[in-house]
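Taken in order, these protein sequences are the chains called A and B.
The first sequence maps to residues 174 to 308 in the working numbering.
The second sequence maps to residues 155 to 497 in the working numbering.
Be careful, since some hints might not be right.
Claimed, not checked - Between beta-carbon pairs, the in silico distance windows are: (1) A/243 <-> B/227: 34 to 44 Å; (2) A/189 <-> B/263: 43 to 53 Å; (3) B/275 <-> A/264: 47 to 57 Å.
Since the hints were derived computationally from the structure, they do not count as laboratory data.
Ideal Cβ placement from N, Cα and C applies to all residues, glycine included.
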Amino acid sequence: MADHEYKIPVDCHYTESDEWLRVDGAVVRIGITDYAQSELNDIVFVELPERGSQLEAGQAFGVVESVKAVSDLIAPIAGEVIEIHTGLADHPEWLNEDPYGRGWIIAITPEDTDALAGLMSAADYRAHVEARAGK
Amino acid sequence: MVPFAGFDMPVVYASILEEHRAVRARAGLFDVSHMGELRVRGPAALEFAQRLFTNDVAGTAPGRVRYGLLCAESGGVIDDITLYRTGERELLLCVNASNIAADLAWLREVHAHCGLDCEIADESDATGLLALQGPEALAIAAKLLAPGFRPPKRWHFARAELAGIRVLLSRTGYTGEDGYEIFAPAERTVEVWDRLRDAAGDVLSLAGLGARDTLRTEMAYPLYGHELDLEHDPIEAGLERFVALGRGFIGEPALQKRSAQGPLRRLVGLLLEGRQVARPGFRIVSPDGDGVVTSGTYGPSIDGAIALGYVPAKFAAGAQLHVEIRGKHVPCKVVSTPFYKRV
Chain A
174 MADHEYKIPV
184 DCHYTESDEW
194 LRVDGAVVRI
204 GITDYAQSEL
214 NDIVFVELPE
224 RGSQLEAGQA
234 FGVVESVKAV
244 SDLIAPIAGE
254 VIEIHTGLAD
264 HPEWLNEDPY
274 GRGWIIAITP
284 EDTDALAGLM
294 SAADYRAHVE
304 ARAGK
Chain B
155 MVPFAGFDMP
165 VVYASILEEH
175 RAVRARAGLF
185 DVSHMGELRV
195 RGPAALEFAQ
205 RLFTNDVAGT
215 APGRVRYGLL
225 CAESGGVIDD
235 ITLYRTGERE
245 LLLCVNASNI
255 AADLAWLREV
265 HAHCGLDCEI
275 ADESDATGLL
285 ALQGPEALAI
295 AAKLLAPGFR
305 PPKRWHFARA
315 ELAGIRVLLS
325 RTGYTGEDGY
335 EIFAPAERTV
345 EVWDRLRDAA
355 GDVLSLAGLG
365 ARDTLRTEMA
375 YPLYGHELDL
385 EHDPIEAGLE
395 RFVALGRGFI
405 GEPALQKRSA
415 QGPLRRLVGL
425 LLEGRQVARP
435 GFRIVSPDGD
445 GVVTSGTYGP
455 SIDGAIALGY
465 VPAKFAAGAQ
475 LHVEIRGKHV
485 PCKVVSTPFY
495 KRV
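Taking the hints into account, I'd like the entire structure generated from these sequences.
See the structure below:
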């Protein structure tokens, strides 16, 4: 596993709790990173928030559950949930197969797009992952 | 690799689900060398074991394996073990890694008090253990065994040369599939592993502790520290068939009483609605008293969330209960076990 190179696309922002955020027109799409899905291993359940709910920065908005473990999903920035990926109910494995694509979890309209500037870049996140993997 | 009972253990090689399915469909190879091996030998070896083991020792002929428990006076479980009758006056006990020290201390304590003529030796460090499990397991092993080797029957074992290495081949397992558990000298266990891999090719998947856990949970096999501990007895755990009463083993009076009165709580299988996993320690909720989850997972061969847990004894198969998962009450049903039944 040590030689595994995690995918960390440069067009996303990242959090310390392993979510990615991608600006997609007026919305920000959120999912979990390749590193996160790999650590969790086979994902069997994703709990989604209600559409229209308001998220505060730092708030847990859902849960990803694998055979091995359960992990909270943390909203990195405040905003309104305008889309939830309902297809994950039947296909939680999409988070493993395509974490940055078909495995997206929610889309929000951010309260303040400047909040994105406070998140990690791909390079910062790679250093964050490597620091933990090296432990 | 994660630490488990002092060993670095592979939880998963690639995917728990894939490894699980490979074992059900073809074959998987597990390294379970962490398990402990205690040897008891001497003129009174059997008599000594009769005092410790809940199952019938005298009826275990040479070449046979029996599952059973070591119980305290209270009836609480010290360990669940397999007992191998390796000779007329010799037994091998295969014990849980986390309990090696406790079991050894218990055996020595009982031995000191009873004065029976036998010796106890801890062979754990000198012994490796691999589990080759799945419908193709016997065919894979046959490639490395002498032509015409006759496999031992279920719950029997044989001494054999596997790829030229002296092993004890036991027709047992912890997955619900056919196969062998292979005891080998520690220094040659890697060689056994490599030879099996080479001989089997693509038919064989390497399988980690993660798949071992999902496989055993689908079979509702107990795991010490989850379903079994000193606070629970074998009657509550539904293991009556491994308790041969009337033989005078330690803990028997307590178990006799429990058996006669009926337990207040019982270990049951639960099938949950949806795919959320009930983890150990989660509360099982009912208007007639609560229970607690001891093991829970997504069962790949069931395609559903399954759990084991203790509930008030009145709940039989069909009872509708709830598991509290992160503040929500998720409906579940008591079902008969094993969860997984081979078609």
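Going down the list of hints, with the structure as the test:
With their beta carbons about 39 Å apart, residue 243 of chain A and residue 227 of chain B fall inside the hinted range of 34 to 44 Å. Between residue 189 of chain A and residue 263 of chain B the beta carbon distance is about 50 Å. The supplied range of 43 to 53 Å therefore holds. A C-beta distance of roughly 53 Å is found between residue 275 of chain B and residue 264 of chain A, which places it inside the suggested range of 47 to 57 Å.
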